[in-house]
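Q: Read off the chains here:
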Amino acid sequence: RKEVEQDPGPFNVPEGATVAFNCTYSNSASQSFFWYRQDCRKEPKLLMSVYSSGNEDGRFTAQLNRASQYISLLIRDSKLSDSATYLCVVNRVGDSNYQLIWGAGTKLIIKP
Amino acid sequence: ETGVTQTPRHLVMGMTNKKSLKCEQHLGHNAMYWYKQSAKKPLELMFVYSLEERVENNSVPSRFSPECPNSSHLFLHLHTLQPEDSALYLCASSPSGGEQGYEQYFGPGTRLTVT
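Sequence lines, in order, name chains V and W. In this text, residue positions in the first sequence follow the working numbering: the first is -7, and each later residue adds one. In this text, residue positions in the second sequence follow the working numbering: the first is 14, and each later residue adds one.
One thing to keep in mind: the hints can contain errors.
Below 27 Å or equal to it, Euclidean Cα-Cα: the simulated DSS-like pairs (lysine-lysine) are [unchecked claim]:
1. V/Lys34 x V/Lys99
2. V/Lys(-6) x V/Lys34
3. W/Lys53 x V/Lys71
4. V/Lys103 x W/Lys53
5. W/Lys49 x V/Lys(-6)
Stretch-level coverage of chain W by chain V, calculated; a stretch enters the list once three of its residues show a Cβ under 8 Å from a Cβ in chain V [said to hold, decoys possible]:
6. 54 to 68
7. 118 to 124
Think of the hints as simulated: they come from the structure by calculation, not from any bench. These numbers were taken from a predicted model, which means no experiment stands behind them. Beta carbons are placed, not taken as given, at the ideal position from N, Cα and C, and that holds for glycine.
Only chain V is shown next, with the shape it has when bound in the complex (with noise of 0.2 Å):
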């Protein structure tokens, strides 16, 4: 089992439509999880950190299960510009403090 898996996509969603993903990790001890969008030929740039109590900011809105060990995204009212490749990201948990666990990324194309 990968330590952070994704749906690789792509999701073709039209404009104004809300859409969601999920990323599952395997490491329950796992402590700081976060979102990064990455457009094509770009480097990753933090979307938001996702909290316990889950967080919302603007369209986006991330929660955190514990439980079953998944994190989500969810992005409301799509514009054509979040068109874009979104990465969930998992602190590694272990020998090393500074790795952060990237998964593959999922591609999402907003269509007008």
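Following the hints, complete the assembly by docking chain W onto the known chain V.
A: Positioned in the frame of chain V, the structure of chain W alone reads:
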């Protein structure tokens, strides 16, 4: 955004060349990272430095040699690379490592092509 800068942005080099990638962070962070991103693959962590000390080396071939002269600068020295080393090389920084992973901030990357 100029929090983390990288030069050059694009680099084409032959297999016998020696070149260096440079990264500079202006965020006051303690940890810096080199990643490799090949097409359609997840980010691969190469090296981690914390307070100028290398703390991670993820079995990277010796043709890649990192250098961290201070907490704001990071270099990746390249020599006798192979065509399969062609990729996007990303530098990142974070406040620290610690028991929890801290969010990392990336530079724009160097797109490397080895001919």
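Q: What hint numbers does the structure not satisfy?
A: none
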